[in-house]
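A.B. asks: With the sequences and hints as input, model every part of the structure.
Protein chains: 2
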Amino acid sequence: MQEGFTLWFTGLSGAGKTTVSEMTARALRERGLAVEVLDGDVVRTNICKGLGFSKEDRDENIRRVGYICHWLTEAKGVAAIAAFISPYSEIRAELRARIGRFVEVFVDCPLEVLIERDAKGLYKKALAGKIQNFTGVNDPYEPPLKPEVHLHTDRESPEESAMRVLAKLERLGFVPRRAA
Amino acid sequence: MQEGFTLWFTGLSGAGKTTVSEMTARALRERGLAVEVLDGDVVRTNICKGLGFSKEDRDENIRRVGYICHWLTEAKGVAAIAAFISPYSEIRAELRARIGRFVEVFVDCPLEVLIERDAKGLYKKALAGKIQNFTGVNDPYEPPLKPEVHLHTDRESPEESAMRVLAKLERLGFVPRRAA
Numbered sequence: 002m003q004e005g006f007t008l009w010f011t012g013l014s015g016a017g018k019t020t021v022s023e024m025t026a027r028a029l030r031e032r033g034l035a036v037e038v039l040d041g042d043v044v045r046t047n048i049c050k051g052l053g054f055s056k057e058d059r060d061e062n063i064r065r066v067g068y069i070c071h072w073l074t075e076a077k078g079v080a081a082i083a084a085f086i087s088p089y090s091e092i093r094a095e096l097r098a099r100i101g102r103f104v105e106v107f108v109d110c111p112l113e114v115l116i117e118r119d120a121k122g123l124y125k126k127a128l129a130g131k132i133q134n135f136t137g138v139n140d141p142y143e144p145p146l147k148p149e150v151h152l153h154t155d156r157e158s159p160e161e162s163a164m165r166v167l168a169k170l171e172r173l174g175f176v177p178r179r180a181a
Numbered sequence: 002m003q004e005g006f007t008l009w010f011t012g013l014s015g016a017g018k019t020t021v022s023e024m025t026a027r028a029l030r031e032r033g034l035a036v037e038v039l040d041g042d043v044v045r046t047n048i049c050k051g052l053g054f055s056k057e058d059r060d061e062n063i064r065r066v067g068y069i070c071h072w073l074t075e076a077k078g079v080a081a082i083a084a085f086i087s088p089y090s091e092i093r094a095e096l097r098a099r100i101g102r103f104v105e106v107f108v109d110c111p112l113e114v115l116i117e118r119d120a121k122g123l124y125k126k127a128l129a130g131k132i133q134n135f136t137g138v139n140d141p142y143e144p145p146l147k148p149e150v151h152l153h154t155d156r157e158s159p160e161e162s163a164m165r166v167l168a169k170l171e172r173l174g175f176v177p178r179r180a181a
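Protein sequences, first through last, are from chains B and U.
Count along the first sequence from 1, then add 1; that gives the number in the numbering used here.
Count along the second sequence from 1, then add 1; that gives the number in the numbering used here.
These aren't lab readings, by the way, just hints derived from the structure by calculation.
Quick caveat: nothing in here was measured; it's all calculated off a predicted structure.
Beta carbons are placed, not taken as given, at the ideal position from N, Cα and C, and that holds for glycine.
One thing to keep in mind: the hints can contain errors.
Said to hold, decoys possible - As a list, the in silico DSS-like pairs of lysine-lysine whose alpha-carbon atoms are at most 27 Å apart:
hint, chain 1, residue 1, chain 2, residue 2
1, B, K147, B, K131
2, B, K147, U, K50
3, U, K169, U, K147
4, B, K126, B, K50
5, B, K77, U, K50
6, U, K121, U, K56
7, U, K169, U, K56
8, B, K147, B, K56
9, U, K169, U, K77
10, U, K125, B, K50
11, B, K121, B, K50
12, B, K50, U, K147
13, B, K131, B, K56
14, U, K50, B, K56
15, U, K169, U, K50
16, B, K50, U, K56
17, B, K56, B, K121
18, B, K77, U, K77
Claimed, not checked - Label pairs and their in silico Cβ distance ranges:
hint, chain 1, residue 1, chain 2, residue 2, range
19, B, G78, U, F54, 42 to 48 Å
20, U, R64, B, E143, 35 to 41 Å
21, U, G78, B, L52, 31 to 37 Å
22, U, K121, B, Q133, 37 to 43 Å
23, U, S90, B, Q3, 35 to 41 Å
24, B, G53, U, E171, 37 to 43 Å
25, U, E57, B, Q133, 50 to 56 Å
26, B, A129, U, R172, 50 to 56 Å
C.D. replies: This is the structure we're talking about:
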């Protein structure tokens with residue numbers, strides 16, 4: 002059985018977590034790995050139903066996802082990919098300590114770029130005070146200080162970002178290098 | 002996609018949870034369902050590492066397994082099978098409320114029969130005071146009051162028990178009836 006690991010994408014809304022994580026998932030599947038992607042929407046509406054946006058609720062949300070990733074990693078040998086804003090560093094450190102084979106990917110994009118892009122119009126609403134607890138605007142985001150991968154999605158394409166994640170997984174020995 | 006459900010086996014050590022749950026898993030796979038069995042040993046040594054046998058730790062253990070079952074049930078449409086002593090009724094009720102499609106199977110066997118069988122010699126040790134917090138001997142077990150299935154493993158074979166679980170799943174509409 003392959004050895005599992007957890008690939009954790011953290012970053013602001015609109016930074017590219019979903020895009021890059023899905024691209025990475027595809028690349029890993031092409032290499033024959035069993036991959037499971039934890040989707041924020043499914044998790045929000047199902048296993049974290051009723052949880053809000055307070056620090057406690059966000060932490061509980063991430064903790065639940067973490068248990069699933071841990072189980073997939075340890076018991077199933079799966080490459081578990083999670084893409085969540087996960088703004089608090091303490092809970093991310095808790096997952097790292099518990100899971101062990103944990104790769105943190107900081108999907109970094111400057112707030113001003115995100116506000117300008119604003120594909121879903123959420124930043125506009127948040128800045129106008131119509132959305133409360135919107136991370137980066139009126140709720141904190143604690144950036145990772147030592148992520149395994151630090152992406153800059155304002156200056157690199159999703160393909161480049163995914164390639165960089167893959168290269169890191171190879172260097173860590175979590176993914177076999179592709180034969181030349 | 003098939004609709005998932007969680008099949009929860011609860012009962013004392015040695016009552017037959019693992020045997021009947023594995024037999025049920027096999028029968029469900031034969032009918033083409035995607036099945037995932039949560040194994041107590043794997044969970045104990047991995048995702049619940051460091052947790053002990055206090056009520057709080059046992060509840061936390063079951064809660065973690067519950068998140069995984071919930072995710073398998075809702076997001077993956079899997080038949081999630083869990084076999085744990087899970088002695089406390091409150092936490093089982095919590096899982097039932099959260100998961101919804103939750104089928105509780107009480108694997109019931111009188112304590113005196115278990116003590117007489119004592120395949121692993123654990124009851125002897127517990128009765129001699131060499132094991133602390135051993136459910137049924139020196140730690141409580143709260144039997145389910147309204148389980149979907151109440152097995153009596155002192156008077157029925159594992160095959161009969163598994164058949165009764167399967168019949169219940171059919172009646173609930175969670176498993177299609179096998180064509181005659």
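A.B. asks: Verify the proposed pairing of K121 (chain B) with K50 (chain B), using a straight-line Cα cut of 27 Å.
C.D. replies: The given pair, whose Cα atoms are some 22 Å apart, holds under the 27 Å limit.
A.B. asks: Are E57 (chain U) and Q133 (chain B) spaced within 50 to 56 Å by their CB atoms?
C.D. replies: For E57 (chain U) and Q133 (chain B) the Cβ distance comes to about 34 Å; the hint is violated.
A.B. asks: Does K56 (chain U) sit within 27 Å of K169 (chain U), going by the straight-line distance between their CA atoms?
C.D. replies: Distance of about 31 Å is beyond 27 Å: violated.
A.B. asks: Below or equal to 27 Å on CA atoms is what counts here, so check K147 (chain B) against K56 (chain B).
C.D. replies: At roughly 22 Å apart (the allowed maximum being 27 Å), K56 (chain B) and K147 (chain B) satisfy the hint.
A.B. asks: Take a quick look at whether K147 (chain B) and K131 (chain B) sit within 27 Å of each other, Cα to Cα.
C.D. replies: Violated, at roughly 34 Å.
A.B. asks: CA of K56 (chain B) to CA of K121 (chain B), is that 27 Å or under?
C.D. replies: Cα-Cα ~24 Å, so holds.
A.B. asks: Would you check the hint for K77 (chain B) and K77 (chain U), treating anything up to 27 Å between C-alpha atoms as holding?
C.D. replies: Holds - the C-alpha atoms of K77 (chain U) and K77 (chain B) are around 15 Å apart, at most 27 Å.
A.B. asks: Please verify whether K126 (chain B) and K50 (chain B) have alpha carbons no more than 27 Å apart.
C.D. replies: Holds - the C-alpha atoms of K50 (chain B) and K126 (chain B) are around 23 Å apart, at most 27 Å.
A.B. asks: Measure nothing beyond the straight line between the CA atoms of K77 (chain B) and K50 (chain U); if it is 27 Å or shorter, mark the hint as holding.
C.D. replies: Cα-Cα ~16 Å, so holds.
A.B. asks: Has the given pair, K147 (chain B) with K50 (chain U), been kept, meaning a C-alpha gap of at most 27 Å?
C.D. replies: 26 Å, holds
A.B. asks: Going straight from one Cα to the other, do K50 (chain B) and K56 (chain U) come out at no more than 27 Å?
C.D. replies: 26 Å, holds
A.B. asks: Is it true that the C-beta distance of G53 (chain B) to E171 (chain U) lies inside 37 to 43 Å, as the hint says?
C.D. replies: Check passed, 39 Å falls within 37 to 43 Å.
In summary, the numbered hints that this structure violates are 1, 7, 10, 15, 19, 20, 21, 22, 25.
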